[in-house]
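Q: Letter by letter, the chains look like this.
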Amino acid sequence: MKYVLKKIGTLILTLLAVSALVFFAFSFIPASPALSKLGTEATAEKIAELNHQMGLDRPVLVRFGEWVAGIVHGDFGISYSYNTPVTQLLSEKIAVTMLLSVMAILITVILSFPLGIYVARKSDSKLDVFFTTVNQMIMSIPSFFSGILITLIFGLILHVFTPGAYVSYKRDFFKCMAYLIFPAFSIALPKISMVVKLLKDTALKEADKDYVRTAYSRGNRTKAVFYKHVLKNAIIPVITFLGMTFADIIAGSIIVEQVFGVPGLGRILLTSISGRDYPVVEAIILLLATAVVVSNLIVDLLYKKFDPRIHV
Amino acid sequence: MDNSKNKKIKFIVGLTLVGIIFLMMIAGIFCTPYDPLAMDMSAKFAGVSFKHIMGCDNFGRDIFSRVLVGVRETMFVSATVVFIGTFVGIIIGTVTGYFGGWVDEILMRINDAVLAFPSVLLALLVIGVLGGGTHSLIIALGIAFVPSFARIVRGEVLRIRNLDYIQCVRLYGASHLRIIVVHILPNLRTVLLSSVLIGFNNAVLAEAGMNYLGMGTQPPNPSLGLMLSEAQSVIFTNPWNAIFPGLVIVMMILGFSLLSDALEKKS
Numbered sequence: 001m002k003y004v005l006k007k008i009g010t011l012i013l014t015l016l017a018v019s020a021l022v023f024f025a026f027s028f029i030p031a032s033p034a035l036s037k038l039g040t041e042a043t044a045e046k047i048a049e050l051n052h053q054m055g056l057d058r059p060v061l062v063r064f065g066e067w068v069a070g071i072v073h074g075d076f077g078i079s080y081s082y083n084t085p086v087t088q089l090l091s092e093k094i095a096v097t098m099l100l101s102v103m104a105i106l107i108t109v110i111l112s113f114p115l116g117i118y119v120a121r122k123s124d125s126k127l128d129v130f131f132t133t134v135n136q137m138i139m140s141i142p143s144f145f146s147g148i149l150i151t152l153i154f155g156l157i158l159h160v161f162t163p164g165a166y167v168s169y170k171r172d173f174f175k176c177m178a179y180l181i182f183p184a185f186s187i188a189l190p191k192i193s194m195v196v197k198l199l200k201d202t203a204l205k206e207a208d209k210d211y212v213r214t215a216y217s218r219g220n221r222t223k224a225v226f227y228k229h230v231l232k233n234a235i236i237p238v239i240t241f242l243g244m245t246f247a248d249i250i251a252g253s254i255i256v257e258q259v260f261g262v263p264g265l266g267r268i269l270l271t272s273i274s275g276r277d278y279p280v281v282e283a284i285i286l287l288l289a290t291a292v293v294v295s296n297l298i299v300d301l302l303y304k305k306f307d308p309r310i311h312v
Numbered sequence: 313m314d315n316s317k318n319k320k321i322k323f324i325v326g327l328t329l330v331g332i333i334f335l336m337m338i339a340g341i342f343c344t345p346y347d348p349l350a351m352d353m354s355a356k357f358a359g360v361s362f363k364h365i366m367g368c369d370n371f372g373r374d375i376f377s378r379v380l381v382g383v384r385e386t387m388f389v390s391a392t393v394v395f396i397g398t399f400v401g402i403i404i405g406t407v408t409g410y411f412g413g414w415v416d417e418i419l420m421r422i423n424d425a426v427l428a429f430p431s432v433l434l435a436l437l438v439i440g441v442l443g444g445g446t447h448s449l450i451i452a453l454g455i456a457f458v459p460s461f462a463r464i465v466r467g468e469v470l471r472i473r474n475l476d477y478i479q480c481v482r483l484y485g486a487s488h489l490r491i492i493v494v495h496i497l498p499n500l501r502t503v504l505l506s507s508v509l510i511g512f513n514n515a516v517l518a519e520a521g522m523n524y525l526g527m528g529t530q531p532p533n534p535s536l537g538l539m540l541s542e543a544q545s546v547i548f549t550n551p552w553n554a555i556f557p558g559l560v561i562v563m564m565i566l567g568f569s570l571l572s573d574a575l576e577k578k579s
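Residue numbers (our numbering), protein chains in the order written: chain A, 1 to 312; chain B, 313 to 579.
In case anyone wonders, no lab produced these hints; they're calculated from the structure. All figures in this text were calculated on a predicted structure; none of them were measured in a lab. Beta carbons: idealized from backbone N, C-alpha and C, even for Gly. Among the hints, a few may not be true.
To be verified - Cβ-to-Cβ under 10 Å is the rule here; a few derived chain A residues that face chain B:
#, residue
1, Ser143
2, Val160
3, Pro163
4, Gly219
5, Ile255
6, Ser272
Between the sequences and the hints, there should be enough to build the whole structure, so can you do that?
A: This is the structure:
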């Protein structure tokens, strides 16, 4: 319990640091949002007026305080280019990105464990070279390219889905899921092969240890030794890896959303960056950072559960 | 047992792929078959032929020439990014690892916080602040790459610092600077070699990804990631426009990851 509290304390500190970093990074930019909003009509007075309207003429620290206070109440400010509250603008997109990320991690877990176990058990057969080669190749395909290949294979050759025909989850949840499974799969693909490789390597390393020999000498069958002894220890590094991967998957979804035309956080983040819509950029970065930090916390807790030897 | 044989194969294949990439890069610097920016409407969407071995894109530009220049761009950005990461990483890693104390505590806390952050996200944040373009991309990825190098170097310095020969040199009265430069830094090279290769692998991936998002090289200049996203609108009619640049990216990543696997210190 003390451990959990301590971890949550660090989490809050980290998030505060990230929000400060994000906020101050954007407040030192020379380009003024008022200027870019007014464009060619900008005069000194108009800029000053708009700055006052947006509250940009007040000290940075005051604005930061207000921004943080607003976030605690779920208010991320008002978008410069859409003129709507950021919270309202992002609420649906957050759900889409989260749905995509969770699907990707589920696919990774569901597929990689059986595959990894299979490959590890076949590691002394002739198929091993084949598995290793294929695995290495898949690992090297970046998710945006595998996404394009998937559109090509499933869209052009198999006609299973139409790229760009995204259906909002509010309209038809299952159709949305059926569409999102393709981007989720292309995010998951390199992760799967990484987990398979890691699981195989750690299982082989564990299999050389003394306790495994002891287990054999007690007369256990190969299968029993593998599942009850080797796998139990080999799985710990894999769980750490999966935890770190979740952050990567969230970041990866930003890119893959572009491949499949999914209207998640990725697209609005990119348009806001090029449109210098800072409240939106700040909010998205902070949200994604929160997702990353929280997932790291969950991993730490899970890790302790799987390996009781860990003390902090 | 056959582990060393395995590593040898990985080394040979990896070296071959990286060698091809280097040849492509050199061709990209000195001579491409066509001007990568020259448009030729008569060759619009020309297929694969001896004249255009990877075909032409929607403006009739030779894809092979564009890929060569793209490889040059990717290699340039990756090399600079890895250099920044290694250089700053060595400085931070040695200072924190060698001296320890509160500087170490603070820097490593920051380091770990940044490390937990996906590099794409960090790079997007930096680009959001600096604006797009190749220079911002290099700075953005450079910052994102520092923490992992700093962590590796720090661990290694921490280990070496407590070895007997360092104690011995210290007794001779060598200054801290001399101990670090003459006695510690040269011993980092094995660890650094494999992490530089992994760094290259990640840098190529990140560079292509950011260019795919349109945050780096600006059109009409070619880059592998940008070519992928440009080809996406014509993916159903001209899939080769996307497949060739994509395959080159895969080749680069595969080459560097095989090499780093093969050269990794045997544990």
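Q: Are the hints correct? Go through all of them and say.
A: So, going through the hints one by one against the coordinates:
no. : hint   : verdict
1   : Ser143 : holds, 8 Å
2   : Val160 : violated, 14 Å
3   : Pro163 : holds, 8 Å
4   : Gly219 : violated, 26 Å
5   : Ile255 : holds, 5 Å
6   : Ser272 : holds, 8 Å
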